[in-house]
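Chains as they are written, first to last, in my numbering: chain P, 551 to 962; chain Y, 551 to 962; chain R, 551 to 962; chain S, 551 to 962.
Hints may contain errors.
A pair counts as met if it fits within one copy or between any two copies, since identical chains are not told apart.
To be verified - No farther apart than 27 Å at their CA atoms in a straight line, the calculated lysine-lysine pairs in the BS3-like style are these:
1) K698 with K903
2) K577 with K561
3) K903 with K749
4) K903 with K561
5) K561 with K810
6) K561 with K698
7) K613 with K561
8) K903 with K810
9) K915 with K749
10) K749 with K561
11) K613 with K915
No lab work stands behind these hints, which were simulated from the structure alone.
There are 4 protein chains.
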Amino acid sequence: MSDVTRPEINKVVLAFSGGLDTSVILKWLQQTYHCEVVTFTADLGQGEELEPARAKARLMGVKEENIFIDDLREEFVRDYVFPMMRANALYEGTYLLGTSIARPLIAKRQIEIARMVGADAVSHGATGKGNDQVRFELGYYGLNPDIKVIAPWREWDLTSREALIAFAEAHQIPIPRDKRGESPFSTDANLLHTSSEGKVLEDPWAEVPEYVFSRTNSPEEAPDTPQYITIDFERGDAVAIDGEGYSPASLLAKLNELGKTHGIGRLDLVENRFVGMKSRGMYETPGGTILHIAHRGVESITLDKGAMHLKDELAPRYTEMIYNGFWFTPERRMLQAAIDLSQENVTGTVRLKLYKGSATVVGRKSPVQHNLYSADIVTFEDDAGAYDQRDAEGFIKLNALRLRLLGRREGL
Amino acid sequence: MSDVTRPEINKVVLAFSGGLDTSVILKWLQQTYHCEVVTFTADLGQGEELEPARAKARLMGVKEENIFIDDLREEFVRDYVFPMMRANALYEGTYLLGTSIARPLIAKRQIEIARMVGADAVSHGATGKGNDQVRFELGYYGLNPDIKVIAPWREWDLTSREALIAFAEAHQIPIPRDKRGESPFSTDANLLHTSSEGKVLEDPWAEVPEYVFSRTNSPEEAPDTPQYITIDFERGDAVAIDGEGYSPASLLAKLNELGKTHGIGRLDLVENRFVGMKSRGMYETPGGTILHIAHRGVESITLDKGAMHLKDELAPRYTEMIYNGFWFTPERRMLQAAIDLSQENVTGTVRLKLYKGSATVVGRKSPVQHNLYSADIVTFEDDAGAYDQRDAEGFIKLNALRLRLLGRREGL
Amino acid sequence: MSDVTRPEINKVVLAFSGGLDTSVILKWLQQTYHCEVVTFTADLGQGEELEPARAKARLMGVKEENIFIDDLREEFVRDYVFPMMRANALYEGTYLLGTSIARPLIAKRQIEIARMVGADAVSHGATGKGNDQVRFELGYYGLNPDIKVIAPWREWDLTSREALIAFAEAHQIPIPRDKRGESPFSTDANLLHTSSEGKVLEDPWAEVPEYVFSRTNSPEEAPDTPQYITIDFERGDAVAIDGEGYSPASLLAKLNELGKTHGIGRLDLVENRFVGMKSRGMYETPGGTILHIAHRGVESITLDKGAMHLKDELAPRYTEMIYNGFWFTPERRMLQAAIDLSQENVTGTVRLKLYKGSATVVGRKSPVQHNLYSADIVTFEDDAGAYDQRDAEGFIKLNALRLRLLGRREGL
Amino acid sequence: MSDVTRPEINKVVLAFSGGLDTSVILKWLQQTYHCEVVTFTADLGQGEELEPARAKARLMGVKEENIFIDDLREEFVRDYVFPMMRANALYEGTYLLGTSIARPLIAKRQIEIARMVGADAVSHGATGKGNDQVRFELGYYGLNPDIKVIAPWREWDLTSREALIAFAEAHQIPIPRDKRGESPFSTDANLLHTSSEGKVLEDPWAEVPEYVFSRTNSPEEAPDTPQYITIDFERGDAVAIDGEGYSPASLLAKLNELGKTHGIGRLDLVENRFVGMKSRGMYETPGGTILHIAHRGVESITLDKGAMHLKDELAPRYTEMIYNGFWFTPERRMLQAAIDLSQENVTGTVRLKLYKGSATVVGRKSPVQHNLYSADIVTFEDDAGAYDQRDAEGFIKLNALRLRLLGRREGL
């Protein structure tokens, strides 16, 4: 692509992990665009030290005031993970969207930093085949319609790992020992999940090797005794575990620990990417899986049927919006408004059993002002007139009326 | 309700299990309507002997030609369970509809028998608070708009178990020893599942006691070693396990065994009934749970994204139709037509790991003429031009265009 | 139904028009339930004097403090008609819900009055075959779960007009001269519309006779010259006509005048009632029709595509909720929240041509901070780089990718 | 774009109208790709002579066997327009998709011809800003995943009309006199509609000038006397007008005449293009508008409520698929299967009044074996027991149960 006419760039904010790939990008941006590079490194709970990223940026000549390192964990869980959990979002019936939901926040923060430092461009390390490029860039453009976007993986000639390492060596970029050889798969991580894809995972018939998992024990190695926990919810959001209050991020971290111990939240999936291909991935979402199951549990006694069924119908669309990167859009906000309204009374406590890969709701209760379950009405015993069984006849007869009229026509 | 004006009934077809309740109903119908009673006992795989029902019917004076006992297991799985499984139907995100899906078939057979024997009425033993009365009666009316329906539980005065037993004793109806005392919960069973509800289950905070479960080992008692199986699918339906072909009913029976062994398919749920109340139930769906998970697995490599996402959007409506009893309706048939069309290429093999309560997809493959997964395209490695990464830029730019126009407006 | 056991009623709030039917109901309630009757007469813009209702109530012995006459026109349009218009709600593709939308407000006011006067029951004059009984009663129960509801048409023996008139004569209830004979059809009216159904309209093949119409000129008699008007919208609601500001009710009244003159808003329809039967009706919605068309017009330049298409998908469900009487439900409120959020920028002006039965949008504009239409981008002329046509190639290629993979499979 | 690396093309099938634009494209393809050009000219009822296209192709050196001229009118209406009409498809509430629905057929025929003549590429004259490029190319790729696509408007440098005319002059391409000057707008036409957009129409506040309309009289000039017609439908498709049978295309042609006379089917619209921008267009769909209205009319007495409401919910998605060019996709076929199933009994006759811009249903009837309307049941008169009004109480009570439980919670 040597013939590409590149736009003039003055200053670019790069989403910078400090790893090999984004280090190469940093250098490549400096060389190719002859522009000032601002690095942004976010703590989303991926479990890595961030200070090395600072050192690395310095080493590559990034000015002190151009190095941004932010702890976004609470914002991530409170404003992204929790709203999504309220919707019971499951992509293609199974995936809890751990990568998808992090991208809008990173994009938002990059655009904020660009505004602060007067940058005219942003850049990211996502490849040209994946969903993340779309999620980043739809976020960028939605928040700043005039921003310039540089996606090095779609532009440069470094299309193999060898080329990347050669570039790094040629430019004195430190290469972690374990990156020398071929990594057998590629990962992304944050407080909600770790994803793995590529290489050894590309054969969808082959079982995921145990060494790919990093966030969960295998169910076989999990304790032989179940553990019971309770989670308290207020207005749709989890606020306490076993009666102890937590902030959003620390609550998710605590559930991650519990989930890890019991081998909960592994998912081996072939999914449909927004860009039109199928890919096989492996996800570990220990705490998020528990949260998802518990949320359904508290909804089951506090949410009206009409609201629940409407939510269930809207969920696939909402989920697809997040997966595809349409977080900062009117349509996602519209559905969020509907979903959030439904959560006003989703307050109560769920009791779960964690055991060898499974989280199971075994009990749920709610304060009387939020509870909709009534044993008095549903009971097989005498209900003291709470429900008149004869009403059912009329209910059925009128629901059947159109079917009877249909039947008469068909009987002709 | 002694003042109820009852319609003239000539002959009634009763859904008759041979148990205490339907035996009392049989007698009550004879006494109250002074009509001929035809009994219909279906084998839906509930795991009970049917011949005792014949003896009981005879004992209560039902004529030989009025006793119908049918093995409906294959029809049940082939024409009801499998079509529903094609839709990945999950009521309120979790329930596999084991009771709901059996009712239409019973209703259909009752109406067929009524036609054969010249009966003008049908009757069932479902109570006035539940969903089953609706499912039965919508089926009846949809298939014969002029049929008369007798729902004894909504009509009679036998509103307590004591009254029922007193009636039985007064009429020499044999009472099984275990029915003398209060049964601690109520059950329904067929080849797909066993449901339990009522009494000890009415407190949704209390864990379901282990003695309630009848179809599955507890995960704790399941084998400590995982078992791997394969399931072959053709056009959306399972046809073989571990390479061995089965008929629909025998396949489900085999999966039930496997699920039982590994403690798979237990569900403790508070659900919204169609009649407007919440109830707590416990379901055991061992084979059906495995089937559901496996079906998603084979779809993941054979079903186009557009088809899959449309299916996911339609599924909540489809599911609600079945739960509410609208099986024999134009709208259910319409959705079935759409779903069935999508399954033309859902042919392939899924490999599952069964372990301590979980069934997990660990591999999936499909013959090349059905497969849509392509490692050549998705690979992180060089794809030899199968996908042009530069296309992604235009894709993103045009998806973002409206968002940029929105952003410009908001920036004003 | 002489054997019905009637509940004890202390005081009942009757929706009372002052016409023959509700006058008979008033007397019948007094006689049958031996209770105090409170009359509630609402001005919803039906175009009738309300004071005669007061006189009639007095005449029949209703205490002065038990007579309520309220002008609800502004509340009706502001809180019911306008929110519904934001959704572009059309039942079965054509009907603007003029009757449906008025019922919740009447129900709400009855429940408020019941609370004020300490009544334990409410009553209405809707028949047992229609939708209105459902809409009233779902409103009642939703706002006061313990209220008792009396629906005389479902209870009494006055099943023919002769019986009704005989009852009136026997109880000195004044009978309007034109009610002596059979009215050839039945009507309901409010500021939004007039509906007519029954009798001469029951043959759906016969054209509606001209004498049935009361709110609109026939298109043939409308002026031969078109009239052009503008309507200004703010945040989704109409606020001005031809630049002159109006309150919600007065704006709708003004549009009704314009629509009447030009013969706009007649609808002859066979519709599906919630209770399961089809009925033929004729509706006149002069101002509402103009409003509906104009609202689409202003949305077309101010509403984002994602928001609009989501609205269009949600509209049938929202519409059905209103038609069926589920206004005061969580699910309707959820959809309303989504819809209202979308209207934040629906601010602008629509120009319409009114002519012989049609209202047509001929122009629309919006202030720059709300407008999303950009001639600079869409132009066939040189757009100075606003849009890069080459982006379309990538957009198409990635949208096509899954279809190409499908095609390859099918080509095997 | 002189630096574009062009693929090797051997033979290309061009959608060729014979007009200036596609003539220039023909020449440009010959020059640029040095390949054999096959021209395909379709009669879709656009109302132009096709033989001049043959002469022009010859003149530009296209071999006799490479000139394809097909009359596709019947196929167009029968297999594209009619299936779409069954769905009552309206894009953004108003547009009948006249352009969208023609593109898949043209694409399909081009691919068929490519197969016949052994061409490896196809080409079209749609611009890079519009929807049609997407519709053509999704069609191409869906039907032949390996086809090469040439979109000259996205490739060449002829970005102004002057450049185009200069190119034509330089290559002896005849230029129609009226193309010399700037055409004041751009059009597309087929048997279903004529669309106009661009230039004088780009100001959405300015009324469309009368000279833009070509297919309809203005309502003001339409006859002062209404005309009544009947349309017969069988299984959802129109088959006769005023009792006289027509083939699909001739029926639509006849309705076009009637619509033209009465000024029916004009639409002035700002719409959202798939590519992300809003555009203003004017559509004339005289016969299609009548057909759409009539189809709703016949459905109103023959289609079950459940089927109709499901159709109404699916219609926006279905419509968007067609608008965006996803005709040849699994998801469109799935919805079509559902819709077509619903039409089995949509057989009957609709009577319409055509008058000054409006088509209004004034009567509808259906043979008894298809009809679902029953005056016996709906009547205000005594219905002889066809409907038991007391059923309504139970119907309402159970529909209200969850709302009452909600109300109790809120009353706490």
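To see whether the hints hold, each was checked on the structure:
1. K698 with K903: neither (50 Å within a copy, 44 Å between copies)
2. K577 with K561: This pair counts as within: shortest intra-copy Cα distance 14 Å, inter-copy 46 Å.
3. K903 with K749: between (35 Å within a copy, 22 Å between copies)
4. K903 with K561: Classified as neither; 52 Å inside a copy, 52 Å across copies.
5. K561 with K810: neither (42 Å within a copy, 60 Å between copies)
6. K561 with K698: Close inside one copy (10 Å), not across copies (39 Å); limit 27 Å.
7. K613 with K561: Answer is within; shortest intra-copy Cα gap is 12 Å, inter-copy 57 Å.
8. K903 with K810: both (14 Å within a copy, 19 Å between copies)
9. K915 with K749: Between copies, since 17 Å is at most 27 Å while 46 Å is not.
10. K749 with K561: Result: close neither inside a copy nor across copies, 35 Å intra and 39 Å inter.
11. K613 with K915: neither (55 Å within a copy, 49 Å between copies)
The structure does not agree with the numbered hints 1, 4, 5, 10 and 11 stated previously, though it agrees with the rest.
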